[in-house]
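Number of protein chains: 2
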Amino acid sequence: MPVAHFKLVLEYDGAGFAGWQIQREGQRTVQGELEAAFAELGRDLRLMGAGRTDAGVHAEGQVASVRIDTPHDAETLRRALNAKLPREVVIRRLEPVASGFDARSDSLGKHYRYCIWNGRLRSPLRAARALHVREPLDLLAMAQAAKALVGRHDFACFQATGSEVPHTVRTLTRAEISGETGGEVALDLEGDGFLRHMVRNIAGTLVEVGHGRRPPDGMPALLEAQDRGGAGPTAAAQGLTLVSVRYAGCAVPD
Amino acid sequence: MPVAHFKLVLEYDGAGFAGWQIQREGQRTVQGELEAAFAELGRDLRLMGAGRTDAGVHAEGQVASVRIDTPHDAETLRRALNAKLPREVVIRRLEPVASGFDARSDSLGKHYRYCIWNGRLRSPLRAARALHVREPLDLLAMAQAAKALVGRHDFACFQATGSEVPHTVRTLTRAEISGETGGEVALDLEGDGFLRHMVRNIAGTLVEVGHGRRPPDGMPALLEAQDRGGAGPTAAAQGLTLVSVRYAGCAVPD
Numbered sequence: 005m006p007v008a009h010f011k012l013v014l015e016y017d018g019a020g021f022a023g024w025q026i027q028r029e030g031q032r033t034v035q036g037e038l039e040a041a042f043a044e045l046g047r048d049l050r051l052m053g054a055g056r057t058d059a060g061v062h063a064e065g066q067v068a069s070v071r072i073d074t075p076h077d078a079e080t081l082r083r084a085l086n087a088k089l090p091r092e093v094v095i096r097r098l099e100p101v102a103s104g105f106d107a108r109s110d111s112l113g114k115h116y117r118y119c120i121w122n123g124r125l126r127s128p129l130r131a132a133r134a135l136h137v138r139e140p141l142d143l144l145a146m147a148q149a150a151k152a153l154v155g156r157h158d159f160a161c162f163q164a165t166g167s168e169v170p171h172t173v174r175t176l177t178r179a180e181i182s183g184e185t186g187g188e189v190a191l192d193l194e195g196d197g198f199l200r201h202m203v204r205n206i207a208g209t210l211v212e213v214g215h216g217r218r219p220p221d222g223m224p225a226l227l228e229a230q231d232r233g234g235a236g237p238t239a240a241a242q243g244l245t246l247v248s249v250r251y252a253g254c255a256v257p258d
Numbered sequence: 005m006p007v008a009h010f011k012l013v014l015e016y017d018g019a020g021f022a023g024w025q026i027q028r029e030g031q032r033t034v035q036g037e038l039e040a041a042f043a044e045l046g047r048d049l050r051l052m053g054a055g056r057t058d059a060g061v062h063a064e065g066q067v068a069s070v071r072i073d074t075p076h077d078a079e080t081l082r083r084a085l086n087a088k089l090p091r092e093v094v095i096r097r098l099e100p101v102a103s104g105f106d107a108r109s110d111s112l113g114k115h116y117r118y119c120i121w122n123g124r125l126r127s128p129l130r131a132a133r134a135l136h137v138r139e140p141l142d143l144l145a146m147a148q149a150a151k152a153l154v155g156r157h158d159f160a161c162f163q164a165t166g167s168e169v170p171h172t173v174r175t176l177t178r179a180e181i182s183g184e185t186g187g188e189v190a191l192d193l194e195g196d197g198f199l200r201h202m203v204r205n206i207a208g209t210l211v212e213v214g215h216g217r218r219p220p221d222g223m224p225a226l227l228e229a230q231d232r233g234g235a236g237p238t239a240a241a242q243g244l245t246l247v248s249v250r251y252a253g254c255a256v257p258d
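Each protein sequence line maps, in turn, to chains S and D.
This note's numbering puts the first residue of the first sequence at 5, with every later residue one more than the last.
This note's numbering puts the first residue of the second sequence at 5, with every later residue one more than the last.
No wet-lab data here; the hints were simulated from the structure.
It is possible that some hints are incorrect.
Claimed, not checked - Restraint-style ranges between C-beta atoms, simulated for each label pair:
hint, chain 1, residue 1, chain 2, residue 2, range
1, S, T165, D, E39, 43 to 51 Å
2, S, R108, D, P100, 32 to 40 Å
3, S, E184, D, T80, 25 to 33 Å
To be verified - If you only want the chain D side, here are some residues facing chain S, beta carbon under 8 Å, derived:
hint, residue
4, Y16
5, D58
6, H62
7, N86
8, R91
9, E92
10, V93
11, V94
12, R96
13, E99
14, R126
15, S127
16, P128
17, L129
18, A131
19, D192
Note that the Cβ used here is the ideal one computed from N, Cα and C, for glycine as well.
Construct the entire structure; sequences and hints are all you get.
Here's what the structure looks like:
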């Protein structure tokens with residue numbers, strides 16, 4: 005069977021998954037579902053996701069690179085895979101790529117969105133996709149704090165406890181707060197790379213800014229201290245969505 | 005214990021319920037969850053919902069009237085009930101009303117929204133709240149057909165098969181299509197009353213119009229024939245949301 009290389013763009017509802025990556029036997033993961041779907045369509049599959057989303061995190065535009073020995077063309081594969089995949093996962097696009105393409109190492113940047121429901125009461129219709137924050141949020145203060153994160157910084161203070169990434173400098177090109185106090189609030193972050201839990205830790209820290217428990221101009225000092233204990237808590241997984249992954253020449257999805 | 009009368013405004017995710025109303029022992033219903041939550045807070049509860057939403061149908065602003073012997077005030081009740089209710093249901097408001105108030109018979113009108121995901125591919129992040137329609141929809145044709153439903157008509161052709169409501173004349177004050185072909189589409193219907201499955205049957209019929217399988221100017225003849233067999237299929241429950249119920253003086257929620 006000929007060796008083929010593809011780029012996949014995926015949407016998934018993360019609620020029922022222990023994240024993207026297979027970590028322990030018996031856990032249901034997006035990668036595991038994809039591998040199962042590919043099983044009868046070829047052999048010697050190698051699959052790499054651009055972002056290893058955590059348990060409960062959603063994706064509108066996760067990207068994966070695939071190398072597989074298969075007799076099928078891209079459109080046949082996409083249809084067959086989507087028919088096999090569970091309802092929580094869909095392949096939005098599947099296209100041939102050059103053999104050297106690696107979704108993870110070739111990505112130039114990612115766009116994540118973190119959603120908050122800032123209502124006095126919990127909202128059953130929003131619960132699956134947002135963090136519930138009861139107390140009114142000062143969005144101007146949050147936006148000011150977020151803006152200070154844009155640029156090239158050492159984000160060690162926002163990395164997951166226990167992570168041992170040697171290089172924690174990343175560049176954020178966008179850190180925006182939108183929405184309304186007492187309603188739906190979104191944090192959009194775009195950058196060249198993200199440390200484990202970085203978006204959720206930034207969200208948790210900005211919520212503290214929004215409640216006045218942390219000054220809106222405190223981000224530079226927080227970054228400089230490089231101390232995870234100085235930042236806020238990790239915001240819940242269900243509020244986070246990987247919106248898109250950027251590669252040379254184009255954002256995916258565009 | 006004093007007799008008290010309240011108006012409740014409710015939001016719920018209908019996915020896990022066999023509808024609003026208790027129909028068979030062992031079925032999980034919104035009414036049943038409310039009655040269970042009220043159980044330790046008073047006695048001789050009488051509970052009436054404005055709209056008997058079907059299994060799987062959601063609500064942003066369902067209204068219920070309650071009569072109960074209770075020593076608690078409205079705010080205490082609301083807090084206690086919301087603490088007891090499952091995560092799929094929340095009481096957005098609970099306020100004292102005159103003893104004669106009946107959420108069902110006093111309602112002057114309702115607003116329902118039916119959501120469609122008109123994408124070539126299914127969308128996991130939209131699946132819980134919309135009907136998936138693959139083929140592109142002609143929204144102008146659908147809007148034209150919908151407009152013809154506004155006014156006072158006999159809606160017998162859109163009533164659930166097997167319904168035996170003697171009086172099937174209703175007045176629609178709004179029937180609008182919004183959104184975009186290939187994207188998210190919404191049908192908003194407002195009227196003084198709705199027959200069983202009426203919104204979902206209208207939605208199913210308008211989808212046929214959107215696919216060119218039914219003329220956009222065919223609604224008057226369809227209404228006139230008063231034949232359920234002449235209309236389209238019942239669109240899936242998960243696309244439907246009861247947005248609000250209107251009473252004299254105000255819409256709820258406003």
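Hint check against the structure, violated hint numbers in rising order: 2, 5, 13 and 19
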